[in-house]
Amino acid sequence: MTRLPAPWGQWIDRGQDISFTFEGRKITAHPGDSVASALLANGQRLIGRSFKYHRPRGIFSAAGWDANTLVQTGSKPNVNAERLLAVDGLSVSAVNYAGSLDRDWGRLVEKFSKLLAAGFYYKTFFTPRIAWKFWEPVIRHMAGLGRVDEKAPHAYYDKEYLFADVAVVGAGPAGLSAALEAARTGASVLLIDEEPEIGGSLNWARDGSDDLKNRVRAEKGIEILTGACVQALFDDNWLEIVKGNRLYKLRAKAVVAATGCYWLPMVFRHNDLPGVMLGSALQRLLRLWGVAPGKRAVVATANDEGYAVALDLADAGIEVAAISDLRPHRDEGRFAQEAGKRGMRILQGAAPFEAHEKNNRLASVDLVQAASGQFQERIDCDLLALSAGRIPASGLLSHAGAKFAHEAHMDLPSALPAHLFAAGSVNGRFSLASALADGALAGALAAKDAGFAAEIPPSVGRDALGVTHPWPIITHPKGMEFVDLDEDVQVKDIQASMADGYEHIQLLKRYSTSGMGPSQGKLFWPHVQRLMAKAKGVTPAEIGASTIRPPMGGETLGHLAGRAFEPVRLSAMHKRHLELGAVMMPAGAWMRPAYYGSDERAIDQEAKAVRDGVGLIDVSTLGGLDVRGPDAAVFLERLYTWTYAKLAVGRARYVLMCDQTGVVIDDGVAARLHEQHFYVTATTSGVDRVFRLMQWYNAQWRLRVDIAQVTSAYAAVNLAGPKARDVLARAGTDIDIKKEAFPYLGVRQGLVAGIPVRILRIGFVGELGYEIHCPAQYGEALWDGLMAAGQDFGIAPFGVEAQRILRLEKGHIIIGQDTDALTHPFEIGMDWAVKMDKPFFAGQAALRAHLEKAPVRKLVGFALENDKGPLPKECHLVIEKGDIAGRLTSVVRSPSLGRVIGMAFVKPEQAGLGNLFDIRVDGGAMVQARVVALPFYDPKSQRQEM
Amino acid sequence: MPLVLLKHALGFARPQRQIPASRELKPSYDVVIVGGGGHGLAAAYYLAKDWGITNVAVLEKGWLGGGNTARNTAIVRSNYITPEGVRFYKESMELFETLSQELDFNVMYTKRGHLTLAHTDAAMRTMRWRAEVNKHLGVASEIVGADEVARIEPKLNMSRQVRWPILGALHHPVGATARHDAVAWGYARRAAERGVEIHQETEVTGFDVEGDRITAVQTTRGRVACGQVLQAVAGMSSKVAGMAGVKLPIRTIPLQACVSQPLKPFLDSIIVSGSLHCYIWQSQRGECVMGGAVDPYPLQAPRSTLDFKEGLMAHMLELFPYLADVPLMRQWAGMADMTPDFSPVMGKTSLENHYIDAGWGTWGFKATPVCGKRMAECVATQKVPDILQAFRFDRFKSFDQVGEAGAASVGT
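If you read the sequences in order, they're chains B and W. Using our numbering, read the first sequence as starting at 10 and increasing by one per residue. Using our numbering, read the second sequence as starting at 4 and increasing by one per residue.
Quick caveat, the hints were computed from the structure, so don't treat them as lab data. Careful, some of the hints might be misleading.
[To be verified] Think about it this way: if two alpha-carbon atoms lie no more than 30 Å apart in a straight line, the pair counts; the simulated BS3-like pairs of lysine-lysine are:
no., chain 1, residue 1, chain 2, residue 2
1, B, K132, B, K487
2, B, K142, W, K10
3, B, K35, B, K160
4, W, K267, B, K168
5, B, K545, W, K29
6, B, K501, W, K267
7, B, K862, W, K351
Produce the complete structure using the sequences and hints provided.
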């Protein structure tokens, strides 16, 4: 491992050695190294293979701006080695090669590159039809980079919320300046940067300094979040930030985007070889990690920054063989002048034409006259630094809907949404002085926007001219000038796409796949834009910019998922159910006992116990809603189909809710506890929707009611069976429970087993029954009290399965099972619960329309003709003359009746009592069923009124 | 290596321009199609091919296929719940089967198998309903238990120790994907070959209506007189119909999706979970294409949100825990025109010469070929074909709905 002496390598701790493996080879590193910098320090230039042609690739940006250095670490695919901190013991491997990284036979594809122009796969592989079946898997296996490890456990990620008056994204000169200025007003400032340390280019550019960084660190009003990448800026300044395995969600009153610029690549033949790098990459390698990435360099430049790179290289002891300046005239910038003074070899008007490869890396470069294309010379070198200009890193601005204008050969922001400010080079201020001034302005404006008294400093104009070269593209007759390194898109691919007619930037992107790779074209769009403009004979401004979509890079599915908090709701009696051996099943967000015991035979026994003696079921999951206020009855009149205005206090009535198209969406019971107070139940899975609708409606109606969802405030049981009254008496109650005193559909409040309760005497399973609601904290005690009281009467707990049977025997429908997304009350025999002559209720207008047309189906009860044959299942179809006539919605073998019964939608003409219809069961056989009257059990419904 | 590539490479066969260059608008057309997405372009192609009607202009306000054609997640299936829906999508899949050959353009129609997972008894019942209706109409579709699910897609997490264990699934072995952009491009190219004019960056700004007819279409590039008008502008249906004074029973709600970075192939099937509101498949490029339910509120803007990604991935990792470390690459949104019954609206409107192709919610891409073909028939014959009857515009007035909520990709 070779390193430059300090002060080069300011981020590494030379005192310590750590090691990791790459492709099985041991790599020594220092704390502070990125995996990429350590690899280079160990002489490992080849880090990956390209997507399409499997060309050798190494560090290009040293900042994670491209996909060249995507690697695999353990179960993590597509990790950018330039952004991955080297830690001891890490195991890293390269991706997308066949054979070995050094000798990748996948590169054979490059030999056929002439055949594989943009969009080639649209033109072939489909004749004959069977061909695609063969080619599709081939293409799939060629594509993709990293691998998922199907054995890997769900990795740990978590989330945290953050708040700030002013969020400053990017801690380069402009961001630091903005943060200081905003903090001066008293605003709380959060300064976020993806690098391990604040400073941005101050850390690695030739004229960096520490003064500003130190002032920011000393400022109490600034909180610093480094190593944190802002992935997206969503509406209302909602920022998504990823750091390590944590997702931060930041709400900021104002945001300053000081996100800087990427360096613009140059396009020429073999511009992708390891050793060809952006000038900024070289400066980063030298200053941050002390890595000298080569011995002999050529610097290709089109601005003064390139000379700074050359000077840095020379200072680090790397021979600068030549500076090839694309421009015809000498640069008057201070770095160019210094390079001149030092006698560096400057080739004015020269451009790189072709890089040559040896051992998977750069060996030499051919330079040509930029103006004439005439060959100038070949220079042996192992480094080629590129400095063609800048690309504003405007991703976050784009997410927020900023507008851009083409200026000085860049897309710079021209209009920003409210509460968002741009500063520094992303905003066209390139010199250090103007970036600082622009940052201060943005910081003050942001603080003012966030409500703080701020002095607004003067604004400085843009100094973007001369930064970016209009055409750093040197085409070669043999091609392989890469426009997009991620996707191996060459100049000819853009030209071919244009020729094929894909002339809109969005069409071209999709057809050529340029910008579709892991880095989403960050470094490559400007060249696509230039090439399109040239092919079309228009200006790049007319081509426009492509939309940059979130995320910016490095956000994983785990970051988004966080720790999975999927709620499970348990009733107050849950422990008792488990003690009784209940098999639990999900019911909405709740768990409920399906049945008690080791096998499903228990279900019939539970049902029988209820019919013959007494049973107890936990119905705590039923929704509970308190509706209170002077207009409570009016409110229910409007919401539900039946009528409640005249319901007496102390009485309960069925409720049925329709949506505005008349579709049945929920049911339950309304118990009138007071003139102005109804306790309304709803289905387990429907209550949230009902509660939402209640609020939604009343936001419009403005009735004087207060609505509260009290589901979890109460536990409830249903005590049902001929001996229910005896059990209640034994449990002890201060309520007069004699039949005359507490009749069917009565509602009473009092004590049971010493516990305050509301009791609703409702049918439920068609037996004498009491639905007893009590504060949830007494749920277990109520259960225990009733079970103990019922012991002598043979009380049996029963679960959802027995409940389904018992309720079906009574012909009760289950909303969502016996109804579907179009079911209205009249086709399920619910006419009795719909009062059409009310002035209004939700869904009434639609139901009027339904009444005017012929019905299309009818829900009927049926009994199977032959119980011995194959049994139908729910949702098997009713078939008439070979066509679908309906479907079964519920079916059970009734223990009380000893036969198979159920409910089915049939055509109206099939619905007559005694009619036979056919059901197609599994395997296609037909079974016959006969329409019978509902309810199946206790047709006169006397038992529930006992 | 296929011969055609060699011919192109060696210059023996110069590839023809696929998307026509822009040109002047003519003063009038027999048919003006508003919307240059997959549906509009398909209709244009079939008008020309099946009915010889070529004096047709397709007007697109942006770029070809730039609306929901570009934004959908490219799944094709026919395992719907209503007989009307199943018949319609079945015909669409039959057209997809030979679409590459028909268009001489590889739309990459790939059968992968489609599993709609059930995590509750109720979901299993709905799956059986769909399977029974599907089989009745000749669509390959079967309800399968957990063991069979594990056999069909071994990459799924079948653990019982999760919040919503997989109990079974609706298996649709012919469920497929196609390259969505290519479908639009292929139709555009073939339509243009037959003389249809395609005008990009030409926005319709209004209609001239006289009595019950549209006489002309106003655009950002001037006025064009028209014989008949077909609108196929998913996401903007209400707005465009509104310009003609036609009110639609549609609410527009954003629908979001995202893709991961490219990975080596690991997942063959299309996996959908209605209860967990998520779906995933892995594209030919190696990207995991993922999406969920529509956003919780109506909005006529393709806005991406963080909420969407968070909710989606929490559930996705229940099904595929090992994807936690996979980087997401891109997220986006489209606008879904939701109808009350989750079925599209096709056919004539209250105007004499205004045809509508709308209400495509989350199910529009897979209908591209059949909708194009049948809407072309509708416009050409001025009669609504039988297969479209159930989807007529005025069905909501009479509550003759086609209830597909139970078969929407991931619920509501």
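query: So which of the earlier hints does this model not fit?
result: none
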